[in-house]
Amino acid sequence: MVKERLFGKVPEEVAEICRELEMPGYAAAQIVDWLYKKRILSIDDMTNLAVRYRDQLKEKYEVRLYPPSKVEVSADGTKKYLYQSGNKKFVESAYIPDGDRATLCVSSQVGCKMGCLFCMTGKQGFQGNLTAGEIVNQIHSLPERDQLTSVVYMGMGEPFDNLENVLRSIEILTAEWGYAWSPRRITVSTIGIIPAMQAFLERSQANLAVSLHTPFEEERKMLMPVEQVYPLPEVLKTVRSWDFGRQRRISFEYILFKNLNDTPRHVKELARLLNGLRCRINLIRFHPIPDTPLEASDDQAVQVFKDALNQKGILTTIRASRGEDIWAACGLLSTREMTRK
Amino acid sequence: MSWTVITEKGPFMLPANLKSVRVESIREMAPQVFIIEFKKFFNFEAGQIISLSLSEHLEPRMYSIASGERDNNIQVLFNVVNDGHLTPALSCLKPGDAIWSSPGFGKFTGTCGEAWWIAQGTGIAPFASMFRSGQSASKTLIHGGRHADSFYFSDEFGPVLNDHYVKCCTKEDLPGGFRGRVTDYLEQLSALSPDPLYYLCGSSEMVVESRDILIKRGVPFRKIVGEIYF
Numbered sequence: 001m002v003k004e005r006l007f008g009k010v011p012e013e014v015a016e017i018c019r020e021l022e023m024p025g026y027a028a029a030q031i032v033d034w035l036y037k038k039r040i041l042s043i044d045d046m047t048n049l050a051v052r053y054r055d056q057l058k059e060k061y062e063v064r065l066y067p068p069s070k071v072e073v074s075a076d077g078t079k080k081y082l083y084q085s086g087n088k089k090f091v092e093s094a095y096i097p098d099g100d101r102a103t104l105c106v107s108s109q110v111g112c113k114m115g116c117l118f119c120m121t122g123k124q125g126f127q128g129n130l131t132a133g134e135i136v137n138q139i140h141s142l143p144e145r146d147q148l149t150s151v152v153y154m155g156m157g158e159p160f161d162n163l164e165n166v167l168r169s170i171e172i173l174t175a176e177w178g179y180a181w182s183p184r185r186i187t188v189s190t191i192g193i194i195p196a197m198q199a200f201l202e203r204s205q206a207n208l209a210v211s212l213h214t215p216f217e218e219e220r221k222m223l224m225p226v227e228q229v230y231p232l233p234e235v236l237k238t239v240r241s242w243d244f245g246r247q248r249r250i251s252f253e254y255i256l257f258k259n260l261n262d263t264p265r266h267v268k269e270l271a272r273l274l275n276g277l278r279c280r281i282n283l284i285r286f287h288p289i290p291d292t293p294l295e296a297s298d299d300q301a302v303q304v305f306k307d308a309l310n311q312k313g314i315l316t317t318i319r320a321s322r323g324e325d326i327w328a329a330c331g332l333l334s335t336r337e338m339t340r341k
Numbered sequence: 001m002s003w004t005v006i007t008e009k010g011p012f013m014l015p016a017n018l019k020s021v022r023v024e025s026i027r028e029m030a031p032q033v034f035i036i037e038f039k040k041f042f043n044f045e046a047g048q049i050i051s052l053s054l055s056e057h058l059e060p061r062m063y064s065i066a067s068g069e070r071d072n073n074i075q076v077l078f079n080v081v082n083d084g085h086l087t088p089a090l091s092c093l094k095p096g097d098a099i100w101s102s103p104g105f106g107k108f109t110g111t112c113g114e115a116w117w118i119a120q121g122t123g124i125a126p127f128a129s130m131f132r133s134g135q136s137a138s139k140t141l142i143h144g145g146r147h148a149d150s151f152y153f154s155d156e157f158g159p160v161l162n163d164h165y166v167k168c169c170t171k172e173d174l175p176g177g178f179r180g181r182v183t184d185y186l187e188q189l190s191a192l193s194p195d196p197l198y199y200l201c202g203s204s205e206m207v208v209e210s211r212d213i214l215i216k217r218g219v220p221f222r223k224i225v226g227e228i229y230f
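Those sequence lines, one after another, are chains A and B.
Following my numbering, the numbering of the first sequence begins with 1 at its first residue and continues without gaps.
Following my numbering, the numbering of the second sequence begins with 1 at its first residue and continues without gaps.
Because the hints were derived from the structure by calculation, they are not lab data.
We treat Cβ as the ideally placed atom computed from N, Cα and C, and that holds for glycine.
Among the clues, some could well be false.
A few chain B residues facing chain A, derived, Cβ under 8 Å [to be verified]:
no., residue
1, M62
2, V207
3, V208
4, E227
5, I228
Subject to a maximum C-alpha distance of 20 Å in a straight line, what follows is the list of computed EDC-like cross-link-like pairs (lysine to aspartate or glutamate) [unchecked claim]:
no., chain 1, residue 1, chain 2, residue 2
6, A, K258, A, E295
7, B, K40, B, D71
8, B, K107, A, E217
9, B, K19, B, E37
10, A, K60, A, E13
11, B, K223, A, E217
12, A, K312, A, E253
13, A, K38, A, E144
14, B, K216, A, E13
15, A, K89, B, E205
16, B, K223, A, D291
17, A, K258, A, E202
18, B, K223, A, E295
19, B, K39, B, D97
20, A, K58, A, E13
21, A, K306, A, E269
22, A, K37, A, E176
23, B, K223, A, E218
24, B, K94, B, E37
25, A, K60, A, D44
26, B, K223, A, E219
27, B, K40, B, D97
28, A, K3, A, E59
29, B, K216, A, D291
30, A, K268, A, E219
31, B, K40, B, E69
32, A, K58, A, E72
33, A, K258, A, E218
34, A, K38, A, E171
35, A, K306, A, E295
36, B, K107, A, E234
37, A, K88, B, E205
38, B, K39, B, D71
39, A, K258, A, E219
40, A, K258, A, E234
Using the sequences and the hints given, assemble the complete structure.
Written out as structure tokens, the structure reads:
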């Protein structure tokens, strides 16, 4: 019998399990505490539970935490971890230390359905959603977990195509019974699936990042098929309708492609589209992927683009390129591993 | 085309523009593939999609419209996803039953110019709509399916598109057809013109793989438009 995973369950679910197994009411809080506050690997480690309750639990459940199956370390300190999720299925997490800060980029799906032209993960096709437990496992089982200052959902997959598991993972990360992180340490990146984006804004306090990549609809259609269904003006209308308050952040991701989306015309249109919105644009250098027709803008073009946007009053930063020597573009490492097995 | 929108219910998540309509007809085109029809209550552009639901309180899914712009009814082609929350119930509807539909939306719309329509399975629907809306001139249609009965609307396409209609069948040899996948067909072509627009509609794997082949064969990516059903 395949046992059910305990890690990733929320208190209500654990309480239900305890009721089913006729365990005392206080056992649920104890189990949740063991799962998320303490670093146990098995039910046997839950030493304040009576042995008979542990035995009962073990009949149907297991903690099921997985360490990474592989790590690649870049000369700049970036580490790419590979986690196995089922037979021949792999997801990646990227640990990115930067001075006194450290960010983990986590995956939300195995593969992706969205088919963006610049993305390696899309070439794998879609193989499944990660459960909340599998998402949080990427953080919990990270050797550098205690150094983390932030988590970004920008790894493999479209988080809002797996909304419930993403929201549940955020709940585990931010609840007092969980990791008790501030939601401001978490950013979820989307290509703009509007109904799920609305639900995320309503049901969480985490930051939002939207993959923009060009302000022109016709161009965005070529880069991102989602534009056919959820056009950028509608995405921005939704963002503008939301009160982000003073703490919650909205940012836009913008990968720069040579002679495609790095022109003054793009700066002008971006400034028009984002006028009055308290936001930031993160410029990202393109990591070329096999057989792509796209080229990365050179460093000078990236700098010029950034300066032009800042002059227009839009806070713009350049994301430092990290881990280029370890297949840094998301999806490359897992694709290589998938084809090797 | 269908899209998993959300699973948690909440009034702010549901499209405000769903309207109750009566099913006019429903028929099985092939095993587990149905076409459902209801009276048109909105104008649309060929290639657009609608949200469909069985109730105003249930999560809708998106589907391409298969009927033409001037037709009186809206047609939707769908295959039954066994563990899906909508299509098994949708396939059991009878004429007179109520369903909920949004007006048409989306930007995967047609062209009067030269184009290739490349589809897999029920991804043929937007091209059927374009074809039925008078956009068949200068078009080449490549359709992929498993069996002979997977080539929906072939009785309409064949007489008009003639040699410009290619059925790529993976499980059977069809007279005049190609044995293999759409991507196999594209790979073995001797030349591809960079001039037409190339429309792709199907699973993400098919769209991404076909796009890669077209690009490798010299088609500018700006000439490729994909719609993925999710």
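Open item on the list: Let me make sure I understand: some of the numbered hints might not hold for this structure. Which ones are they, in numerical order?
Closed with: Structure breaks hints 14, 17, 32 and 40.
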